[in-house]
Amino acid sequence: MIKEFSRSGWDVDVVTPVAHYPFGRRALPRRMAGRPFQLQKGQFAEKILRVPYLRHGNSRAARLLDQCFSAALSIPAGFMLRKPDVVIVTAPGLPSLISGYVLAKVRRAPLIVEMRDAWPDLARDARLVEGSVKSVVEHVVDFVQHRADLVVTVTDGFAATLRARGVRNVATVSNGVHLDSIPVLDPPATERPVFEALYLGNHGESQRLDVAIRASALVGDAMHLHMVGHGTQRPMLEKLARSLNAPVTFHAPLSGDAMLQRYASADTCLVSLRDDWTSFETTVPSKTYEVLAVGRHVTAVVRGEAARIVADAEAGDIVASDPEALAALWRELAADRGRLVRNGDSRQWVKTHAEYEQLAGRYMELITGLLGRTPVATR
235 MIKEFSRSGW DVDVVTPVAH YPFGRRALPR RMAGRPFQLQ KGQFAEKILR VPYLRHGNSR
295 AARLLDQCFS AALSIPAGFM LRKPDVVIVT APGLPSLISG YVLAKVRRAP LIVEMRDAWP
355 DLARDARLVE GSVKSVVEHV VDFVQHRADL VVTVTDGFAA TLRARGVRNV ATVSNGVHLD
415 SIPVLDPPAT ERPVFEALYL GNHGESQRLD VAIRASALVG DAMHLHMVGH GTQRPMLEKL
475 ARSLNAPVTF HAPLSGDAML QRYASADTCL VSLRDDWTSF ETTVPSKTYE VLAVGRHVTA
535 VVRGEAARIV ADAEAGDIVA SDPEALAALW RELAADRGRL VRNGDSRQWV KTHAEYEQLA
595 GRYMELITGL LGRTPVATR
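Under my numbering, the first residue of the sequence shown is numbered 235, with each subsequent residue one higher.
If you're looking for bench data, these hints aren't it; they were derived computationally from the structure. This one's a predicted model, so the numbers in the text were calculated from it and none came from an experiment. One or more hints might be untrue.
Each computed DSSO-like pair below joins lysine-lysine, with the alpha-carbon atoms no more than 30 Å apart [said to hold, decoys possible]:
#	residue 1	residue 2
1	Lys473	Lys237
2	Lys317	Lys275
3	Lys237	Lys275
4	Lys275	Lys521
5	Lys317	Lys473
6	Lys281	Lys317
7	Lys237	Lys281
8	Lys339	Lys317
9	Lys317	Lys237
10	Lys473	Lys521
11	Lys521	Lys281
12	Lys281	Lys339
13	Lys339	Lys275
14	Lys521	Lys585
15	Lys237	Lys521
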């Protein structure tokens, strides 16, 4: 979005912690990760002001403490920048909602809340909160959502949920891709001795990737599963793969040509969300749009809105979150490789519904409508 905002002449200032994801500590060179309270030029002419963070491990409590610490320091950091026309705060992380609310109030600017996940519903599904009484987390999220000038969701389903709860101004701007940066790949080979599946994305609780590993173990040496990325569950997943002697290779996060080569090598790409969290009925994994744009067959272990998108784009097969069912599908695809050849409909679907240039145009219309004018660049 920032790229398209900048192309339109809008100035964007970003307040964010020193880069320390996913390890809970700085892994990038300092010039890239940023220094606390020092301005840094971004990739698309945006200005970035970094705030400190707390080193932490993988525990939820430690990550939440780190988020609270950085969110608190984001408030004074916000006063180090020029007065904004509008304040946009993105969740997760949830503590940032309070920072954005405070800054918008004190600086007398409209507040836009971006809900990238289905909060606070996800908190209860993930057992961050339990019981029948609303938790502090739920009260905070509900408070800010109802007082925002605009709430932007990434799915239509969650937008409908918020409207039903009385949130007064809700719009949907989905995740997406820049199609011009994603080439059209040649179809997979018509004959191949080993079927290759690819998962690229977060290795967390939400994805339930143990199902894919167990499925690959059932198929055996006739297939190979490549898993690219990181996340809190990766050590457990690596241990599981070893214990099952599953045909799985784990890779560090990839980008650029290395990522495209991995896509080109794949017969099918896995998109996965666990099926026992009701909030995922209205959740679409962000990588879905990239996979659709690449044009590879999609193995979709999803339901609800994500499943409807895969079906509408005619992108592949939707399968239950069950090792036996997934293994059966992969065996069928390996035996009938003609099913892997796509007709380009999924890329056309992305061009129509999820191309960033169009999404950014929609977002800018929402902002100018909220302000009653077009923001004027000052530098």
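Hint by hint, here is what the structure shows:
1. Lys473 - Lys237: violated (40 Å)
2. Lys317 - Lys275: holds (18 Å)
3. Lys237 - Lys275: Roughly 13 Å between the alpha carbons, so the hint for Lys237 and Lys275 holds.
4. Lys275 - Lys521: holds (27 Å)
5. Lys317 - Lys473: violated (50 Å)
6. Lys281 - Lys317: holds (14 Å)
7. Lys237 - Lys281: holds (12 Å)
8. Lys339 - Lys317: Since the Cα atoms of Lys339 and Lys317 sit roughly 12 Å apart, the hinted pair holds (cutoff 30 Å).
9. Lys317 - Lys237: holds (21 Å)
10. Lys473 - Lys521: holds (25 Å)
11. Lys521 - Lys281: Measuring from Cα to Cα gives roughly 26 Å; hence the hint holds.
12. Lys281 - Lys339: Given that 30 Å is the threshold and the Cα spacing comes to 22 Å, the pair holds.
13. Lys339 - Lys275: With Cα atoms ~27 Å apart, Lys339 and Lys275 stay inside 30 Å; holds.
14. Lys521 - Lys585: Distance of about 15 Å is within 30 Å: holds.
15. Lys237 - Lys521: holds (19 Å)
In this structure, the earlier hints numbered 1, 5 are contradicted, and the remaining ones agree with it.
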